[in-house]
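Heads up, the sequence shown is in the numbering used here, so the first residue is 5 and it goes up one at a time.
Hint data in this document are derived by calculation from the structure and do not stem from the laboratory.
Watch out, some of these pointers could steer you wrong.
[Stated by the list, open to error] Have a look at the derived ranges for each label pair, beta carbon to beta carbon:
1. Ala507 with Arg564: 21 to 31 angstroms
2. Val661 with Arg592: 12 to 22 angstroms
3. Val281 with Ala406: 49 to 59 angstroms
4. Leu232 with Glu193: 23 to 33 angstroms
5. Ala545 with Ser675: 26 to 36 angstroms
6. Arg312 with Gly562: 34 to 44 angstroms
7. Leu232 with Arg175: 50 to 60 angstroms
8. Gly320 with Val115: 56 to 66 angstroms
9. Ala269 with Gly290: 26 to 36 angstroms
Ideal Cβ placement from N, Cα and C applies to all residues, glycine included.
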Amino acid sequence: MNETRSMLQTVAPPGFGKSLPLVLTVGRHRLGQVLERMASAVSDQVRVEHVSASFDEAVQAVEALHAAQPVDALVVAGASGAWLRERLDIPVVMIEVGGFDLLQALAQARVLAERAAGARAEQGARASIGLVSFDQISDQLQQFEAQFGTGIVQFSYSGPEDAKACVQSLREQDVGAVVAPGLVAELAEQAGIPSVLLYSDGAVLQALRDAVLLARHRHAERARHQRLESVLGQLQDGVVAVDAQGRIQALNSTMAALLGTPMAALHGRRLDEVAPVLGAGLVLQGRLREGEASEEVVQLALRTLSVRRAPIVENGQLAGALLVCRDQATIQRADRSLRASAGQRGAGVRWRIEDYAGDSAAARRVRSLARQFAASDATVLIQGESGTGKELVAQGIHRASARAAQPFLAVNCAALGESLLESELFGYDEGAFTGARRGGKTGLIEAAHTGTLFLDEIGDMPLALQSRLLRVLQEREVLRVGATTPVPVDLRVIAATHADLQALVERGEFRRDLYYRLAVLRLQTPGLAQRGAEDVAAMAAAMLHQRLGAVGVDQADGLRRVLQTLLEMAEGHAWPGNARELDNWVARLLACRQDLLGVREQGLKTSLLELFPELAWREVGGASCAEGAQKLEPEPSLRQARLTAERERVREVLQQVHGDQRRACEVLGISRATLWRRLKE
Numbered sequence: 005m006n007e008t009r010s011m012l013q014t015v016a017p018p019g020f021g022k023s024l025p026l027v028l029t030v031g032r033h034r035l036g037q038v039l040e041r042m043a044s045a046v047s048d049q050v051r052v053e054h055v056s057a058s059f060d061e062a063v064q065a066v067e068a069l070h071a072a073q074p075v076d077a078l079v080v081a082g083a084s085g086a087w088l089r090e091r092l093d094i095p096v097v098m099i100e101v102g103g104f105d106l107l108q109a110l111a112q113a114r115v116l117a118e119r120a121a122g123a124r125a126e127q128g129a130r131a132s133i134g135l136v137s138f139d140q141i142s143d144q145l146q147q148f149e150a151q152f153g154t155g156i157v158q159f160s161y162s163g164p165e166d167a168k169a170c171v172q173s174l175r176e177q178d179v180g181a182v183v184a185p186g187l188v189a190e191l192a193e194q195a196g197i198p199s200v201l202l203y204s205d206g207a208v209l210q211a212l213r214d215a216v217l218l219a220r221h222r223h224a225e226r227a228r229h230q231r232l233e234s235v236l237g238q239l240q241d242g243v244v245a246v247d248a249q250g251r252i253q254a255l256n257s258t259m260a261a262l263l264g265t266p267m268a269a270l271h272g273r274r275l276d277e278v279a280p281v282l283g284a285g286l287v288l289q290g291r292l293r294e295g296e297a298s299e300e301v302v303q304l305a306l307r308t309l310s311v312r313r314a315p316i317v318e319n320g321q322l323a324g325a326l327l328v329c330r331d332q333a334t335i336q337r338a339d340r341s342l343r344a345s346a347g348q349r350g351a352g353v354r355w356r357i358e359d360y361a362g363d364s365a366a367a368r369r370v371r372s373l374a375r376q377f378a379a380s381d382a383t384v385l386i387q388g389e390s391g392t393g394k395e396l397v398a399q400g401i402h403r404a405s406a407r408a409a410q411p412f413l414a415v416n417c418a419a420l421g422e423s424l425l426e427s428e429l430f431g432y433d434e435g436a437f438t439g440a441r442r443g444g445k446t447g448l449i450e451a452a453h454t455g456t457l458f459l460d461e462i463g464d465m466p467l468a469l470q471s472r473l474l475r476v477l478q479e480r481e482v483l484r485v486g487a488t489t490p491v492p493v494d495l496r497v498i499a500a501t502h503a504d505l506q507a508l509v510e511r512g513e514f515r516r517d518l519y520y521r522l523a524v525l526r527l528q529t530p531g532l533a534q535r536g537a538e539d540v541a542a543m544a545a546a547m548l549h550q551r552l553g554a555v556g557v558d559q560a561d562g563l564r565r566v567l568q569t570l571l572e573m574a575e576g577h578a579w580p581g582n583a584r585e586l587d588n589w590v591a592r593l594l595a596c597r598q599d600l601l602g603v604r605e606q607g608l609k610t611s612l613l614e615l616f617p618e619l620a621w622r623e624v625g626g627a628s629c630a631e632g633a634q635k636l637e638p639e640p641s642l643r644q645a646r647l648t649a650e651r652e653r654v655r656e657v658l659q660q661v662h663g664d665q666r667r668a669c670e671v672l673g674i675s676r677a678t679l680w681r682r683l684k685e
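Work the whole structure out from these sequences, hints included.
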């Protein structure tokens, strides 16, 4: 490479025009001097560099330079130029000699020949002129010489090995002067024969101008191709473009990875040979018109791909085909991402305030307060037993507020460990801890910017995180884990809990300052036992209607009558699981409808007692039998069946939550004391 650089001469100043097309001029000695001198005429349009070499030496030098930076065109001449054109895949402009240029060169040679003949007149020297051309002599000039006797003798040579032999022929024929390409002219001068360079300044300038046009076109084409490769490289899908013969013209790294071959080794190969299953035959046979596309699922190695093929049409003619290959795993990830994103936006909020069913005074009070709270932007604290609709009310407040079109994000503070909850809420910077995601992660507080953040079971949030949440509420900014610069946030917080926060504050288990930050607006969601039978019936009817629509059951009237009978039998039930327990009843009724529809009243009640052992529980003196009150025992077998079913249900739930009793209580809608008693039984 150092030897190559020693041959290289930059016509323009160093660093000039690096974005311009690059043209190399190649020639030695006299031709090289002319090329360097004339290059300044086009140096404002292209970057011109000169290689002082010929034949194999020039080939090696140009290849080394082209590997370092793409060369757009070569300007060459004579045998050396033809040598390069055959061995390099770079556009070549040959310096062509016109008729007028040739006449001028011959006239100069005539003067030199006569001068040389005059100096040797006593020896009888003749003023003949030699014309040396590459590869073949001119028949027209030979006929002209035969007619007029101008004293012009033609010679030809085909390569470097012929040049010296050609000069020897000139000497043998006692040529007085010669018009020749650079190498022969140089050798003739060394042999004492006056010479005129075959290539005039005009011919060299015209070749340079032709090279400018060629180089600019090639440079623009390469820039367009690089832009295309850059765009394709950003796509997750595998993309490959083939020409009309099915040869690969462009592809991205994803496609190369799917094919299991480096990109450089794929260019120019037929796609049918690399991966027959992807072949573009249907497109290249003209079966698809412009604007049409075909799609199919194929198996490539161990991957299942969705392949889309479309024609490439240029000037109304089929020029090739474009194939887009998407991995099944990529499709599934995109689907999950879209569904998760949709769930985070306001459009994903399912509930409205009006969906809080019931006509009792307690239900009307909840709806009234929720509408008033929606008009405010203050923090809301919703308290109530599990299953009383706290998240429904929170979604309704968000949907009726000015932030309705913005994100509504929810997190259960009791469902995650402290470190995981911290990263979910506050996010983290790259490198914050071992295993941290590259680029970091946006926390829910940041993601809820301009929207609403719902913190369910806030009473179970660790004290350390309570301090960080308090700062977010006070300063309206969040600091990621591992970060040093806080990010401003604009969000509304709605918190919910089944616990008595005031009691937790008194016991030192919840920060007092955070409690007062959260409890600006307070709302209590009553349990079903406090709302009356009419609300229970209304909610049950709504739940049944929703489930009937989901499964397409057509016995709606019969099921409504069965549900009415069930609720009449459940009068006085304490509903410890609230809405979740009621929804479970409706689902159980729908699942067992074949045993209930068409049964007479007395038989129906017996069937319901078997399917709903909870009906044997009654509330007496303000407490359920689960809390030690008196209970009805229809018969020992039914009581035993109920106890057995309850124990099985408890064991099933405990197994699902891996023994976490707190989670099991949430799922079952009972207290820990009740769970302990049922386990003991």
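Status of each hint after checking the structure:
1. Ala507 with Arg564: 21 to 31 angstroms: 42 angstroms, violated
2. Val661 with Arg592: 12 to 22 angstroms: 21 angstroms, holds
3. Val281 with Ala406: 49 to 59 angstroms: Since the Cβ atoms of Val281 and Ala406 sit about 55 angstroms apart, the hinted range of 49 to 59 angstroms holds.
4. Leu232 with Glu193: 23 to 33 angstroms: 51 angstroms, violated
5. Ala545 with Ser675: 26 to 36 angstroms: 29 angstroms, holds
6. Arg312 with Gly562: 34 to 44 angstroms: Since the Cβ atoms of Arg312 and Gly562 sit about 50 angstroms apart, the hinted range of 34 to 44 angstroms is violated.
7. Leu232 with Arg175: 50 to 60 angstroms: The hint (50 to 60 angstroms, Cβ to Cβ) holds, given that Leu232 and Arg175 are roughly 58 angstroms apart.
8. Gly320 with Val115: 56 to 66 angstroms: 59 angstroms Cβ-Cβ, so the 56 to 66 angstroms window holds.
9. Ala269 with Gly290: 26 to 36 angstroms: 30 angstroms, holds
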